[in-house]
Amino acid sequence: MVKGMHNMADKTQAEPTAPDAETRQPHRGRAVARAVEDGVTHFRHRLSAGELGSLPVVLVLAAVWIIFQSLNENFLSPRNLSNLSVDIVGTGLIAVGIVFVLLIGELDLSVGSISGLAAAVFAVLNVNNGVPEWLALIIAVLAGTAAGTVQGYSCAKTRVPAFVVTLAGLLTWNGIMLYILGTSGTVNLDENGLVAKLTSYYFTNDGAAYGLAAVGAGTVFLVSYQDMRRREAAGMPHRSLQGIAVRTGVLAVIAFVTAFVLNRFQGLPLALLIFLVVVAGLDIVLRRTHYGRQVYALGGSVEAARRASLSVTRVQTAVLAVSGTMAAVGGLFLASRITSVSQGSGSGVLLLNAIAAAVIGGTSLFGGRGTTWSAVLGILIIQSIASGMAITDTPTAVQFIITGGVLFAAVLIDSLSRRSQEAHGRA
Amino acid sequence: MPTPPLLALHGVCKRFGVVEVLTDIELEIHAGQVVALLGDNGAGKSTLVKVISGVAPADKGAIEWEGRTVQIRRPHDARDLGIATVYQDLALCGNLDVVGNLFLGREIRRFGFLDEMEMERRTRHLLERLTRGIPDLRAPVVSLSSGQRQTVAIARSLLGDPRVLLLDEPTAALGFEQTSEVLDLVDRLRDRGLGVLLISHNMGDIKALADRAAVLRLGRNNGFFDVNTASQEQIISSVTGATENVPRRMASQEAGW
Numbered sequence: 295m296v297k298g299m300h301n302m303a304d305k306t307q308a309e310p311t312a313p314d315a316e317t318r319q320p321h322r323g324r325a326v327a328r329a330v331e332d333g334v335t336h337f338r339h340r341l342s343a344g345e346l347g348s349l350p351v352v353l354v355l356a357a358v359w360i361i362f363q364s365l366n367e368n369f370l371s372p373r374n375l376s377n378l379s380v381d382i383v384g385t386g387l388i389a390v391g392i393v394f395v396l397l398i399g400e401l402d403l404s405v406g407s408i409s410g411l412a413a414a415v416f417a418v419l420n421v422n423n424g425v426p427e428w429l430a431l432i433i434a435v436l437a438g439t440a441a442g443t444v445q446g447y448s449c450a451k452t453r454v455p456a457f458v459v460t461l462a463g464l465l466t467w468n469g470i471m472l473y474i475l476g477t478s479g480t481v482n483l484d485e486n487g488l489v490a491k492l493t494s495y496y497f498t499n500d501g502a503a504y505g506l507a508a509v510g511a512g513t514v515f516l517v518s519y520q521d522m523r524r525r526e527a528a529g530m531p532h533r534s535l536q537g538i539a540v541r542t543g544v545l546a547v548i549a550f551v552t553a554f555v556l557n558r559f560q561g562l563p564l565a566l567l568i569f570l571v572v573v574a575g576l577d578i579v580l581r582r583t584h585y586g587r588q589v590y591a592l593g594g595s596v597e598a599a600r601r602a603s604l605s606v607t608r609v610q611t612a613v614l615a616v617s618g619t620m621a622a623v624g625g626l627f628l629a630s631r632i633t634s635v636s637q638g639s640g641s642g643v644l645l646l647n648a649i650a651a652a653v654i655g656g657t658s659l660f661g662g663r664g665t666t667w668s669a670v671l672g673i674l675i676i677q678s679i680a681s682g683m684a685i686t687d688t689p690t691a692v693q694f695i696i697t698g699g700v701l702f703a704a705v706l707i708d709s710l711s712r713r714s715q716e717a718h719g720r721a
Numbered sequence: 005m006p007t008p009p010l011l012a013l014h015g016v017c018k019r020f021g022v023v024e025v026l027t028d029i030e031l032e033i034h035a036g037q038v039v040a041l042l043g044d045n046g047a048g049k050s051t052l053v054k055v056i057s058g059v060a061p062a063d064k065g066a067i068e069w070e071g072r073t074v075q076i077r078r079p080h081d082a083r084d085l086g087i088a089t090v091y092q093d094l095a096l097c098g099n100l101d102v103v104g105n106l107f108l109g110r111e112i113r114r115f116g117f118l119d120e121m122e123m124e125r126r127t128r129h130l131l132e133r134l135t136r137g138i139p140d141l142r143a144p145v146v147s148l149s150s151g152q153r154q155t156v157a158i159a160r161s162l163l164g165d166p167r168v169l170l171l172d173e174p175t176a177a178l179g180f181e182q183t184s185e186v187l188d189l190v191d192r193l194r195d196r197g198l199g200v201l202l203i204s205h206n207m208g209d210i211k212a213l214a215d216r217a218a219v220l221r222l223g224r225n226n227g228f229f230d231v232n233t234a235s236q237e238q239i240i241s242s243v244t245g246a247t248e249n250v251p252r253r254m255a256s257q258e259a260g261w
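Quick note, the sequences are listed as chains A and B, same order.
In the numbering used here, each residue carries its 1-based index in the first sequence increased by 294.
In the numbering used here, each residue carries its 1-based index in the second sequence increased by 4.
Hint data in this document are derived by calculation from the structure and do not stem from the laboratory.
Be aware that a few hints might be false.
[To be verified] Covered by chain A, per the in silico footprint, the following chain B stretches (three or more residues, Cβ under 8 Å):
(1) 76-89
(2) 95-102
(3) 230-236
[To be verified] Covered stretches of chain A (in silico footprint by chain B; criterion: 3 or more residues with CB under 8 Å from a CB of chain B, positions within the stretch not fixed):
(4) 518-531
(5) 590-596
(6) 600-609
Here a beta-carbon is modelled for each residue, glycine too, at the ideal position from N, C-alpha and C.
Taking the hints into account, I'd like the entire structure generated from these sequences.
Below you can see the structure in the form of structure tokens.
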């Protein structure tokens with residue numbers, strides 16, 4: 295594909311200068327080709343520098359989808375894809391929190407237990423004690439924030455690696471959850487309640503999904519365009535208008551195709567909307583704010599961050615607080631999906647899937663590299679495999695083996711790209 | 005009355021656990037002067053830099069800034085005074101790009117968000133003054149050459165318009181051409197009235213650049229020299245300990261290093 299694009303660009307360059315009589319159409323065509331060529335050169339440069347970006351992940355996702363579609367033609371049906379888009383939300387939100395922790399080069403093992411704890415807090419307050427749903431929801435999320443803050447502060451103060459502190463947390467929060475659930479064991483949530491609606495509500499109006507796609511693509515275009523204009527005015531290097539148009543175009547196509555598929559089932563799921571808004575919001579926090587820059591700096595070098603007079607304690611605490619909060623929110627979505635909370639909530643493979651999603655999506659285990667979007671891609675792959683296995687009646691054992699293989703490949707790519715980056719630096 | 009030195013240290017002591025790394029250190033840095041700090045490995049040069057920059061605050065002793073006593077307890081304090089440091093390991097975040105490293109901890113904000121454009125503009129402006137070959141400002145620092153990284157580290161230290169610059173072996177990892185580029189730069193900074201403390205093992209650099217030399221040996225002062233009048237042999241013998249200017253040296257301290 296890359297080669298093809300290159301040929302196209304070469305051909306347009308070889309053409310003689312267009313005479314004035316020619317219409318604007320070929321001009322634009324050439325400009326687009328140049329933008330594509332610029333993109334390809336930039337992309338190759340990044341490849342050789344060991345920055346693979348999300349390309350391998352997208353390829354794996356495509357492979358997974360093609361394989362399962364060939365095994366069962368219902369896999370890519372609107373119904374299955376729509377369900378998939380809701381199924382990814384619970385674990386996906388937890389994985390977004392994990393991305394924050396991985397970025398500072400740590401690991402949070404307590405997210406599964408915190409998600410179960412938050413769900414239990416909500417269920418016991420709302421169902422057993424009659425606390426209004428909205429209040430119980432807020433308290434449940436804040437419980438996750440509090441648990442994360444306690445862990446983060448302990449790590450930062452004792453300088454014990456987070457995975458040890460959160461391992462203690464894993465047991466503690468799980469114990470507290472079992473304690474507050476008491477003898478009742480399983481609590482069923484109100485089928486028509488607020489929390490149940492989180493994953494059962496769909497915007498059946500077609501306009502919702504298309505509107506979201508249009509607003510998303512439009513916002514990206516406007517922001518890039520404004521940035522370009524500002525840079526141009528200041529005489530700084532900037533992207534070409536064509537480049538921005540091509541990028542936004544690709545994004546818009548993906549968004550509208552997704553919207554089209556969702557509308558052919560039940561419309562835009564509320565859960566997916568919340569998920570995308572949270573991921574986009576936290577992405578802005580990470581990449582465009584002072585706080586986010588500190589998180590990346592800590593992942594790069596704690597000592598350098600400290601000497602640049604960043605408060606390492608505060609950032610570490612805040613990062614684990616974010617991961618605790620996201621775990622609690624994710625736990626509520628998981629409870630919503632099955633409208634019940636039991637002693638098994640938040641246990642099993644949930645924790646491993648959340649961490650695997652972040653890593654498969656391209657967030658580095660070594661800290662400092664990754665975005666919240668990697669959690670979306672990662673959980674999409676994991677959940678696609680799970681869904682494909684279910685649809686083709688493959689035993690769970692095989693599902694674990696395949697997911698494990700994908701995770702291993704992701705870690706391998708991460709370490710290889712890191713090594714190639716270092717080699718590039720020495721050259 | 006002569007102007008007081010920009011920065012003066014009196015009787016500064018620093019210990020790590022039971023090891024006394026610095027004992028009764030005296031040091032003065034004047035505006036428009038390059039002071040070379042010399043000493044054998046483990047003499048306490050880097051520790052002294054960390055004391056002044058607030059990374060490892062002094063246990064005892066007084067630090068004076070333009071004649072008045074000040075406290076440097078945190079890196080922040082040193083930065084507020086106008087002391088900038090380029091560490092031997094550069095202390096850069098490899099995963100951040102050049103702009104991100106330069107503005108780390110003092111990002112420019114616009115409507116609450118990072119103003120990448122303004123930061124990039126100032127970075128370009130600053131680097132154009134410092135060096136001929138400007139690296140890709142958006143490449144992660146880990147992918148730059150060691151000379152480029154050194155330039156980035158120095159540029160970062162100059163960002164807040166410091167009055168005193170501490171350079172810990174700025175040329176140790178550099179080739180010939182890059183070294184002379186860095187030395188030229190230090191020369192120009194002195195002409196602009198900065199006080200520079202330069203740690204180096206290279207007598208050639210020191211002879212070419214420094215006005216005065218302070219020698220540390222085993223964590224104590226071991227002589228001050230006017231580089232223009234003192235001979236290279238005098239300075240070196242003071243570094244190696246052939247000339248003992250410290251009468252109170254104890255065997256236990258020597259064992260510590």
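Exercise. Among all the numbered hints in the text so far, which are the ones the structure does not match?
Worked result: 3
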